[in-house]
Every structure is written in structure tokens, then in C-alpha cells.
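Visitor: The residues making up each chain are set out below.
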Amino acid sequence: MFRALDEAAADTWNSITATRFFRDALTAGEIVGTKVSSEAGGFVRSAGYSCALEHDRIATISWPWEWSFSMLQDAALLQLRLLANALQEDCALSDATPFNYQFEGVKPLLMDTGSLVVLREGQTWEGYRQFCEQFLNPLLLQAWKGVDFQPWLRGRLEGITAEQFSHLLSARDLLRRGALTHVWLHARLSRHGQAVSVSDSLSSAGFHKDIILRNVAGLQKIVRDLRWAPGRSSWSEYVQQCPHVTDDEPVKSAFVREACVQFSPGMVWDIGCNQGHYSRIAAEFSRVLALDSDHLTIDRLYQRLRDEASASRTPGRITPLIFNVADPAPSLGWRHQERPCLEERSRPDLVFSLALIHHLVIGSNLRLGDVLDWLHSLQSGVVLEWVDRQDPMVVQMLKNRRDIFSDYHEERLLEELTGRFTILRSVQLPSKTRRLYLLQPVSGTVTGKRTVG
Amino acid sequence: MWVCFPSILSPSLELSASMIIPCVIAYLDPGAGSMLLQAIVGGTAGMLVFVRHLWRTYQAQRGSRSSMDGR
Chain A
1 MFRALDEAAA DTWNSITATR FFRDALTAGE IVGTKVSSEA GGFVRSAGYS
51 CALEHDRIAT ISWPWEWSFS MLQDAALLQL RLLANALQED CALSDATPFN
101 YQFEGVKPLL MDTGSLVVLR EGQTWEGYRQ FCEQFLNPLL LQAWKGVDFQ
151 PWLRGRLEGI TAEQFSHLLS ARDLLRRGAL THVWLHARLS RHGQAVSVSD
201 SLSSAGFHKD IILRNVAGLQ KIVRDLRWAP GRSSWSEYVQ QCPHVTDDEP
251 VKSAFVREAC VQFSPGMVWD IGCNQGHYSR IAAEFSRVLA LDSDHLTIDR
301 LYQRLRDEAS ASRTPGRITP LIFNVADPAP SLGWRHQERP CLEERSRPDL
351 VFSLALIHHL VIGSNLRLGD VLDWLHSLQS GVVLEWVDRQ DPMVVQMLKN
401 RRDIFSDYHE ERLLEELTGR FTILRSVQLP SKTRRLYLLQ PVSGTVTGKR
451 TVG
Chain B
1 MWVCFPSILS PSLELSASMI IPCVIAYLDP GAGSMLLQAI VGGTAGMLVF
51 VRHLWRTYQA QRGSRSSMDG R
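As given, the protein sequences belong to chains A and B, one line each in that order.
For the first sequence, the numbering used here begins at 1 and goes up steadily by one.
For the second sequence, the numbering used here begins at 1 and goes up steadily by one.
I should point out that these hints are in silico values taken from the structure, not numbers from a laboratory.
There could be a bad hint or two in this list.
So the derived label-pair ranges between C-beta atoms look like this [as the list claims (entries may be wrong)]:
| id | chain 1 | residue 1 | chain 2 | residue 2 | range |
| --- | --- | --- | --- | --- | --- |
| 1 | B | A45 | A | L180 | 15 to 23 Å |
| 2 | B | R56 | A | A171 | 46 to 54 Å |
| 3 | B | A45 | A | Q164 | 47 to 55 Å |
| 4 | A | E158 | B | S64 | 28 to 36 Å |
| 5 | B | R56 | A | R313 | 46 to 54 Å |
| 6 | B | W55 | A | A47 | 31 to 39 Å |
| 7 | A | P328 | B | A45 | 45 to 53 Å |
| 8 | A | R57 | B | G63 | 54 to 62 Å |
| 9 | B | S64 | A | V118 | 50 to 58 Å |
| 10 | A | R154 | B | L48 | 15 to 23 Å |
| 11 | A | L180 | B | S64 | 29 to 37 Å |
Chain A side only, calculated, beta carbon under 10 Å to chain B, not exhaustive [what the hints assert, rightly or not]:
| id | residue |
| --- | --- |
| 12 | Q130 |
| 13 | C132 |
| 14 | W152 |
| 15 | V198 |
| 16 | H208 |
To spell it out: a stretch of chain A is covered by chain B in this simulated footprint if at least three of its residues, at any positions, have a beta carbon under 8 Å from a beta carbon of chain B; those stretches are [said to hold, decoys possible]:
| id | segment |
| --- | --- |
| 17 | 118-127 |
| 18 | 212-221 |
| 19 | 376-386 |
Please read these numbers as outputs of a predicted model, since none were measured by experiment.
Heads up, the beta-carbon is just placed ideally off N, CA and C, and yes, glycines get one too.
Chain A on its own, in the form it takes in the complex (with noise of 0.2 Å):
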């Protein structure tokens, strides 16, 4: 990726790359990996641009409303300590939007070096209000009302505003840290326009940076003590609660290394990650996108790859995401084109579909051909598990709810898979009631939208 400057971008770029913050976090890996082009450089100066900058690629592009509470608040703690370290040698952040920062593994990093700036004399921090729309407010939603605010990001871009947001404190969480001026007294002050302009009267009146390093100082505290711990959710419990998961693990972990090895695979979905034993598998071989759609789930596999991870010194190869098959987030933003959805940004190679048919079909009354199009149109090996009607999971999901799913055998995957996909090796799983299929995708055919071949 290669970022054009034109010559006042260029200045500020070289006064950037002066200073120590910046060859600290460089080295630190908290910024994109960049350094001037000369391969570009003579394209972009013929379309009147000053130099070129070339970024290290970044294996995957998430978007906020699929990280969890711990990846925001990780990458609103870097955002910060970025801002405080900049603003020692008269620099500055000018946005604050998670949309800066992106995971390497489970390691945040600054990808917008576009946003470092020379900071002027008297200037405010202008990213401060986005700052608490888009980092501050979701996490207080979910550490002090229990409340998810990834659907809240995926249905305003520009975040939670303070007046939004005051409307759900109540009198206790008004005595909260931070609640009564970052929160209340944000949002009253929003409502009024001013007579003068602010930014001038507020510099000639002596604003400076120790100001807004003592206001960074705060929301450090703020955001280093929230705490989103739920004790349970549908999800978390499940391995140690389902006898089968340990039945069949060893046969499980064989089959998945075995399609690595076949597969030689770049990237990996697992898709229905839970804890990640697959995807830890699949890690020894290939980057991973450990998806779920459980946030608790996701969020304890994050805190616990993140914590080897700092012991390794490593960012790690799993990035988990928040991610529902059934209800996945669509492309937003300007023209659809922003914010684009998961599979226009990444393309796996090989897709773990490990208990999770199931729930697709039986509690997501999707049809079984309509999940196997959406998996063929990935155009990726498969490690598919069927779970069979006898089997206990399944026997549970329909204990309490008419069974209008006639469909639901394995003879009808395996006509449902004749076309779409060559059944390269399966194996029955101890637990009698399972079976797993490694699956090649046929090509040349048309499926869902997409067209193969």
C-alpha cells in the first residue's frame, strides 16, 4: 500500500520522522511499518504530488464492531499513550478513530500515519470529541451497562455521541469517574453554539499542550480501569459443558492438521472459533481469523492469545473477530464502499466449519443449500463437521420448537455438496454422531451471487 504526499504532507512527514516518539513506536511496532518509496516516487511526482510512502501490508482489515471490549480498549490505551508521546515533542494525533488502528495478530497498531501532525501553537486536540465518540462512550456502554457496542458502531460510523449517551446514565453512573464532565457536561455543551470562535479565543486566552496532557493523563485512568467481566454468556461455557468436544478432540486435531497440510494455507477462518484449539492448530501453518459471533467468547480468547503473545514477544498469528455467518456486518459506509464487509477483505484458503452446521440450519433457519453456496462462493478447502439429529446438541435445539427441518439429514448434504463441492477424505468422529468432511470447491459453477471459473 502506498500513500501520496503533497509537498505541505511531505514537510510534515519529515518533522515527524524526526522525532524520538515516532522511531520508538516505529520500532515498538505500535505504527505501520512505512518508508519513502523510491518505486513510487517518480509515478506519484508525475501526478503532482511531492513523494511516495510505502506501508507494510496488514494480513487482515477489521473494523471495530468486530472487536471485542479488550481490542477497544487496547487499541484506546495505544491511541492515547501515541498522543501523550507525540505531544512531549510538539506533535499530535489530529483524529481519534479506531478506524486508525488495525491488529497484527492481537497486537493493535497506528495505520493512519497520515493523522500524525505538527501540533501549533495554542491548538486544542481536535480529536478529542471523536475520541469519546468513538472509543470512550462504547466502552463505557458495555463496562458500566452491560450493553454490546459493536451493533451501536455498525449503526452509526461516527460513534456514540455524549448526548446519546447521557440519556442512559443514571444517577449512580453519574458519580463514576469521567461520567460527569466527559459524558454530562459534554453533552450540554455540545447543544449551545458560541458567540466567538472558540479555537481562537481559547489559544489567545493561553491553551497549551500541558492542557491537553493533563486531559489525556485523566482518560488514560479512566479507560485503564474499566472492567467488562460478565460471568458467563451462552457461549463461554460450552466446551467444558458438551462431553462430545472431548470425545472427539484428538480425532478432530488430526483431520484439521492433516487439511493444513494439504492445504498449505495462507489464511484460515475458523469460523465458530470458541476457544481456538482449531485455530491454534491451524496457526502452526498459516495466519488465522478466529471468528465467533460470542462476544464474551471472543474477548477471553483475545485477553489470553494477547497475554502469550506479550510473553513471546510476538503479535501472534490468530486475530479473533466478532463475526455472525447468519448475520453478517454488510459493507458500509460512502457508497458501501468505506468500511467494506469481512469477505471483500479477506479471502481464506481454508475454512473450518466445526459444529457450527447446526446452528446455521436448526437455529438460524437458513437452508442447508444456502449455507453450502455461501461457503462454496469463498472458493476455499472446508473442514466441514455434520452433526447428525442424534446427536445431543441437536436433539436440545429442538426440544422446545416444532421440527420443520425435514431437510436435516446427512443424505441430503451429501446431494447438497454433489456440484458444489469434491468430498475429499471423511472420517466418523468417536462420538458416533458426528462426522467430518474435507471438502474441495468445485469450480466453473455459479453459486449465490457469486460467479467461480
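Please arrange chain B on chain A, whose structure you already have, making use of the hints.
Guide: Here is chain B on its own, set in the frame of chain A:
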């Protein structure tokens, strides 16, 4: 100003709008209320700046009313 474009483009091509990754101009409205709040939460020095700002605003409004009364 800066624009981003993917590395798969051949440098021999001319840079045109269609090659540039769809993006919106990165202008950010910091919000007048948010700027004032930064002074309020910025400790004693920040409060002093805020009080000075209030005094100047008051003087500006008073001056504006006086000139209107004198018309």
C-alpha cells in the same frame, strides 16, 4: 493532503481518481463544546484558560450590545 492507492498498480500508469481507494476527506470538526471541555478538564491551568475565555466572550457580547444600542 495525501491519498492512498494499492501497490498492485503499475507505476507506469497515471494516477487517476479511479485508482485511489475510496475515501472521504479526513476533515474533522472538533466541536466548539468539546474544545471548551478540554480546558475545563485540563486542571488548574485549563480552568484559568476557560475563565479567560468566558471573560472575553462576555466583553465581546457587551461590546456588541453597546454598538447596537448606539445606532
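Visitor: Tell me, in ascending order, the numbers of any earlier hints that this structure violates.
Guide: 2, 3, 6, 9, 10, 14, 19
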